[in-house]
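Use the sequences and the hints to build the structure in full.
If you read the protein sequences in the order shown, they are chains A and G. Read left to right, the first sequence gives residues 6 to 247 (the numbering used here). Read left to right, the second sequence gives residues 6 to 235 (the numbering used here).
Any given hint might turn out to be false.
Unchecked claim - Straight-line distance between alpha carbons at most 30 Å, and here's what the computed DSS-like set of lysine-lysine pairs gives:
| # | chain 1 | residue 1 | chain 2 | residue 2 |
| --- | --- | --- | --- | --- |
| 1 | A | Lys148 | A | Lys227 |
| 2 | G | Lys203 | G | Lys223 |
| 3 | G | Lys14 | G | Lys203 |
| 4 | A | Lys117 | A | Lys29 |
| 5 | G | Lys223 | A | Lys116 |
| 6 | G | Lys72 | G | Lys223 |
| 7 | A | Lys148 | A | Lys117 |
| 8 | G | Lys72 | A | Lys148 |
| 9 | A | Lys29 | G | Lys14 |
| 10 | A | Lys116 | G | Lys72 |
| 11 | A | Lys73 | A | Lys148 |
| 12 | A | Lys116 | A | Lys29 |
| 13 | A | Lys73 | A | Lys116 |
| 14 | A | Lys227 | G | Lys14 |
| 15 | A | Lys117 | G | Lys223 |
| 16 | A | Lys73 | A | Lys117 |
| 17 | G | Lys9 | A | Lys227 |
| 18 | G | Lys223 | A | Lys29 |
| 19 | G | Lys53 | G | Lys203 |
| 20 | G | Lys72 | A | Lys29 |
| 21 | A | Lys227 | A | Lys73 |
| 22 | G | Lys72 | A | Lys117 |
| 23 | A | Lys29 | A | Lys148 |
| 24 | A | Lys148 | A | Lys116 |
| 25 | G | Lys14 | A | Lys148 |
Unchecked claim - Each pair of labels, with its calculated beta carbon distance range:
| # | chain 1 | residue 1 | chain 2 | residue 2 | range |
| --- | --- | --- | --- | --- | --- |
| 26 | A | Thr218 | G | Gly94 | 44 to 50 Å |
| 27 | G | Gln41 | A | Asp222 | 25 to 31 Å |
| 28 | G | Glu55 | A | Thr223 | 47 to 53 Å |
| 29 | A | Asn216 | G | Glu114 | 48 to 54 Å |
| 30 | G | Glu84 | A | Glu138 | 29 to 35 Å |
It should be emphasised that the hints constitute simulated quantities derived from the structure, not laboratory data. Quick reminder that beta carbons are idealized off the backbone N, C-alpha and C, glycines included.
Residue-level listing of the chains:
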Amino acid sequence: MTTPAEFYERDRAWHPPAQTPIYKTSVTRSPQYALLSLQQSVSEITGPTFGHTDIDPLDRDLIHNYAKDGGSAIGERIILHGRVLDENARPIPNTLVEIWQANAGGRYRHKKDTYLAPIDPNFGGCGRTLTDENGHYYFRTVKPGAYPWRNYVNSWRPAHIHMSIFGTAFCQRLITQCYFEGDPLIERCPIVNTIPDMAAQGQLVAALDMNATIPLDTIAYKFDIVLRGRRSTMFENRLDGN
Amino acid sequence: MVQKLDYLKETPSQTAGPYVHIGLAPGAAGFDIYQQELGWDIAGPNAKGERIRVEGIVIDATGSPVKDVMLEAWQANSEGVYAHPESPGEVEEGFRGWGRVITDFETGEWGFDTIKPGPVAARAAMGGEVRPAADEELQDAYGRGHAGLRQMAPHINLWIVARGINIGLNTRIYFEDEAEANAEDPVMNLIEWERRRKTLIATRTLRDGLPVYRFDIKLQGEDETVFFDI
Ligand SMILES: [Fe+3]
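What follows is the structure, given as structure tokens:
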């Protein structure tokens, strides 16, 4: 008999702390009390599941999923692909990955975004897909532009794609951002720098992947995502009996 | 030198930013792209139990409503079963137990309709009992039965992200009218400071006969909501 086990505790030193004054908005939105550590119950080790009836295959193609007939989004055409793994390096199949991003000029299709770069009529800026049986996902999109934001007077976000991932348990839920290799704005970004560990920052930078590039068509970047891993069952007696 | 452990590190979190709606709730943000949005129907039409509405605002350290939050809810059905293979039992067809809402851009109010969840078996270390299932008993995907020596009071798990929140915040909504169960709840009882426990309890009123629970979340400051490291 196999026993469902807990997930490894989250390494909070690897993630950004709640309060990071260099990212000014965090100052008033960060809990001050210590988080209460919970041993996981069924409420934490379960989570929502999604299937192919929930989404459309076109949802993963941001070049076309909002384009008018025959049109396509403007910008550098890219493939963003990779695997969703857990901390045990096992692929997580059939899990939902959702992304959103600015257009090639750095403008979001959002009524709160007033940046002067133009809206692209053929670009919505969101996509979603399920990983395949090997945990692999891919999106086709355009590379987002850098954009200015109000933090310091002259703060610019590096090109980035926001990503939301589920896994199999509510305690694995994660939202992060994917950056692109070689962007000089990454190291200057206060949001990137909320992450204290340089190796952890590097985990958010997608690598140029010439092998996955389609010649004369689309450049590729590879971005693997790691969700929390789960204890093996070899100590199940201790787990349940302590 | 020692051998190297070959575990991977979890991908670090980053804020959902101000435009989270584009990606995760484009319709609610006035942006029509998908045939079908996810997370707007938590319980489905076949769910048994009491139909309820849950509402609130998220408040920052200055006492102001936070108007760009996204919240996700995860809950069991009225019999305490989650729509997941590791939760013993079956849920009604169409019951997902998962929902996603954003706040109103002007007021910061959020709300969702669902059914009131039932009590859920507590983990072994909290006084629950997990053992091989008896024949006639509910079994989970691993063939385990849950004797439910100890139960957790009805609750809805919440995950909160927004601009300025570097890593999603986890909390739980408990229900005012479950005072007895709340008093026995092993998670509630972990909160050493009794006056902080009430930050997890939604207050109940009736609106046109429909029970409405109010659950305001304080990110920081006086009566800061209890958040969990799960
Ligand atoms: Fe952004």
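So, going through the hints one by one against the coordinates:
no.	hint	verdict
1	A:Lys148 - A:Lys227	holds (13 Å)
2	G:Lys203 - G:Lys223	holds (12 Å)
3	G:Lys14 - G:Lys203	violated (36 Å)
4	A:Lys117 - A:Lys29	holds (19 Å)
5	G:Lys223 - A:Lys116	holds (26 Å)
6	G:Lys72 - G:Lys223	holds (13 Å)
7	A:Lys148 - A:Lys117	holds (21 Å)
8	G:Lys72 - A:Lys148	holds (29 Å)
9	A:Lys29 - G:Lys14	holds (27 Å)
10	A:Lys116 - G:Lys72	holds (14 Å)
11	A:Lys73 - A:Lys148	holds (20 Å)
12	A:Lys116 - A:Lys29	holds (22 Å)
13	A:Lys73 - A:Lys116	holds (21 Å)
14	A:Lys227 - G:Lys14	holds (17 Å)
15	A:Lys117 - G:Lys223	holds (24 Å)
16	A:Lys73 - A:Lys117	holds (24 Å)
17	G:Lys9 - A:Lys227	holds (25 Å)
18	G:Lys223 - A:Lys29	holds (18 Å)
19	G:Lys53 - G:Lys203	holds (28 Å)
20	G:Lys72 - A:Lys29	holds (16 Å)
21	A:Lys227 - A:Lys73	holds (28 Å)
22	G:Lys72 - A:Lys117	holds (11 Å)
23	A:Lys29 - A:Lys148	holds (27 Å)
24	A:Lys148 - A:Lys116	holds (21 Å)
25	G:Lys14 - A:Lys148	holds (26 Å)
26	A:Thr218 - G:Gly94: 44 to 50 Å	holds (49 Å)
27	G:Gln41 - A:Asp222: 25 to 31 Å	holds (30 Å)
28	G:Glu55 - A:Thr223: 47 to 53 Å	holds (52 Å)
29	A:Asn216 - G:Glu114: 48 to 54 Å	holds (49 Å)
30	G:Glu84 - A:Glu138: 29 to 35 Å	holds (32 Å)
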